[in-house]
Amino acid sequence: MRVIALTGGIGGAKLALGFAKVLTPDEVSFVVNTGDDFEHLGFHISPDVDTLTYTLAEEANPETGWGRRDETWHFMEALERFGGETWFRLGDRDLALHAFRRSCLDAGATLTEVTRELGSKLGIAHDVWPMSDDPVRTRVRTAEGSLAFQHYFVRDRCAPAVTGFEFAGIDAAAVNPELVAARRQPVRAGGI
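Numbering (my numbering), first residue to last: 42 to 233.
To be clear, the hints were calculated from the coordinates, so they are not data collected in a lab. The reader is advised that the hints may include incorrect statements.
[Stated by the list, open to error] Ranges between beta-carbon positions, derived for each pair:
no.: 1; residue 1: V44; residue 2: R198; range: 30 to 36 Å
no.: 2; residue 1: D147; residue 2: K62; range: 33 to 39 Å
no.: 3; residue 1: E121; residue 2: D212; range: 34 to 40 Å
no.: 4; residue 1: L146; residue 2: R182; range: 26 to 32 Å
We put the beta carbon where it would ideally sit given N, CA and C, even for glycine.
Can you build the whole structure from these sequences, using the hints too?
The structure is reproduced here in structure tokens:
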């Protein structure tokens, strides 16, 4: 029986790493939240997918739980000098992943295909599937207006009072086809 683990965030990535250490790729696959994804500096950023990818590759920054170990910040320092947006920190090595993803997506690849290729290049044996190849974006409603999740969480540090949430694109989004195919086999599913 195969485990399909739904995951997101730093805690989910750490638990997924534990599963990956004791369960083979035939025994567990990971479906990752993409509701936090957003466009930033011309890149498609998938925070939860990237955190899980770096964690399973054992390249995650152990101090923060996000980003890459032994990261440098020359790009962000130069961007700050030009007055660019630096509230969402993208390290130099992390930027290579984002540039690669952007290039693949622009060439017509799906987020699932790009995630699979990145995982393969980083030595990840387990399946990592975005929940959907269609955009679903978490929006946080506040008294000041609607904010993209990362603007609320990272840029504004959760300061605005929350009045609700919306999930832009959810009605049009299809479940990842890899998950649909996997569900045709005996599975045990759960969230982490």
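Hint check results:
{"no.": "1", "hint": "V44 - R198: 30 to 36 Å", "result": "holds (35 Å)"}
{"no.": "2", "hint": "D147 - K62: 33 to 39 Å", "result": "holds (35 Å)"}
{"no.": "3", "hint": "E121 - D212: 34 to 40 Å", "result": "holds (39 Å)"}
{"no.": "4", "hint": "L146 - R182: 26 to 32 Å", "result": "holds (28 Å)"}
The earlier numbered hints are all upheld by this structure, with none contradicted.
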